[in-house]
Every structure is written in structure tokens, then in C-alpha cells.
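These protein sequence lines are chains L and U, in that order.
Taking my numbering, I'd label the letters of the first sequence as residues 1 to 113.
Taking my numbering, I'd label the letters of the second sequence as residues 1001 to 1111.
Please note: incorrect hints may appear among the correct ones.
[Said to hold, decoys possible] Facing chain L, from chain U, some residues (calculated, C-beta under 8 Å):
hint, residue
1, Gly-1042
2, Leu-1043
3, Tyr-1048
4, Asp-1056
5, Tyr-1098
6, Thr-1099
7, Gln-1100
8, Tyr-1101
9, Pro-1104
Derived by calculation from the structure, the hints in this document are not laboratory data.
Backbone N, C-alpha and C define an ideal beta-carbon position, used for all residues, glycine too.
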Amino acid sequence: KNEVEQSPQNLTAQEGEFITINCSYSVGISALHWLQQHPGGGIVSLFMLSSGKKKHGRLIATINIQEKHSSLHITASHPRDSAVYICAVIAMYSGGGADGLTFGKGTHLIIQP
Amino acid sequence: NAGVMQNPRHLVRRRGQEARLRCSPMKGHSHVYWYRQLPEEGLKFMVYLQKENIIDESGMPKERFSAEFPKEGPSILRIQQVVRGDSAAYFCASRKEYTQYFGPGTRLTVL
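So that you can see chain L by itself, here it is in the shape it has in the complex (with noise of 0.2 Å):
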């Protein structure tokens, strides 16, 4: 099982629509990352949380450390989200490299127009 799952693995909407990505993890943390890649292959860090909630333009991201789980809102979504969008924590233990990510395998969004 790894260590950081993220849910759909693949999403089609419509222009318009709310998007949900969910992230959980199964170790200790002392911080999440939310990344985008974009099909050029580039990737853009959206967000680090370590706790709550954070907003930047259409985009909202929470976390709950308790349950151990974050999301990825995405509002009014236009075809130019259509990217990769990438789940990534700092594990409290080595396994990643002191501060390196460990990450998820990515949710794969189209937005159609």
C-alpha cells in the first residue's frame, strides 16, 4: 500500500464544475504539498498545508491531520485546469529524505469546454 493514495485516479468534468481531489496518507506528517503538472511536464507547487484551510483564486485546499486526510477544491473549473494535479507530504520519518516528498501518483483532470 503506498503511503500517500489519492482519489479519482482520473476525472472528466465540464467547464464549470466543482472539482474534488482527495489525498490521504497513512504516515505522520509534518507538512502536505499540493503540485500541478501540467502536460508540458512542468510542475508548480499550488499549496503547503500544515493544518486548516488556504485559498488562492479558484483554488481551496484543506487538511485534517487527525483523519489524516487533505482535498483539493477546484471552483467554476475551466479547460486550462487540465493538468496533473499531484498530492505530496513530508513524512516525520527519513523514508522521503529529511524534508524530501514522498508522493502521490496523481489525479489526472480534463475539463472539457
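Please arrange chain U on chain L, whose structure you already have, making use of the hints.
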């Protein structure tokens, strides 16, 4: 402030050759991480370096791979005697406080 830079962006090597991947962190960042993304797989941690020190190399293959981050100049990930299984995208990230900033990656193809 330029972002994290990696070069080359694409690298083609024949089996048995050496591959050198370079990563210049953001200005003022002294922590560098290397990650590998194999085709159809997720990203995996390889190594974490600070200037002139390897902090954690638990994700590095035991043979043929090495990394350095000298006092001056970029961080280098070196792969000796490449094999087809080394074909992947290699990303570096730099960190100053808590957030990691990723470079555009180097796509290595081994023929």
C-alpha cells in the same frame, strides 16, 4: 528572481555513456532536492543536498548515481554507464524556508 533552472531540458545518451544533469536553485536557496519520474509512474525522492553536503541519499540507486552541490555553481546529478531503465524525467527543487520550488525537469532518453 529567476526560478529554479535545469539544463539540459532534454538529454539523449547511448547505453554506457555518462549523463550529467544540472540544477541551479533559486537565488538565496541552499537546499536542493532531486526527484525522478519514471514513465507512467509517480515522482520519487532521490537525494537531498545542502551546499557541499549530502544530507540524505536514501532514494539514490546504490550504483552509478551520484550527486553534488558545490560551494559555487549548480548542483549536479551524475549517472554513469546509463542503461535504458534510467530513461525518465529528473526534477530538482530548491527550498529556502518551507516550500519547495521545482525546476522544469530534464528528460533523459537512453537509446
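Results for each hint:
1. Here the hint on Gly-1042/U is kept, as its CB sits about 4 Å from the closest CB of chain L, short of 8 Å.
2. For Leu-1043/U, the interface hint holds, since its Cβ comes within 8 Å of a Cβ in chain L; the closest pair sits about 4 Å apart.
3. Of the supplied interface hints, the one on Tyr-1048/U holds, with its beta-carbon coming within about 4 Å of a beta-carbon of chain L, less than 8 Å.
4. A cut of 8 Å between beta carbons decides the hint on Asp-1056/U: the least distance to chain L is about 4 Å, and the hint holds.
5. Residue-level restraint check for Tyr-1098/U holds (minimum Cβ-Cβ distance to chain L is 6 Å; threshold 8 Å).
6. Because the closest C-beta pair between Thr-1099/U and chain L is about 5 Å apart, less than 8 Å, the hint holds.
7. Here the hint on Gln-1100/U is kept, as its CB sits about 6 Å from the closest CB of chain L, short of 8 Å.
8. Nearest Cβ of chain L to the Cβ of Tyr-1101/U: about 6 Å, under the 8 Å cut. The hint holds.
9. With 8 Å as the threshold, the beta carbon of Pro-1104/U comes within range of chain L, its nearest partner Cβ sitting at about 5 Å, so the hint holds.
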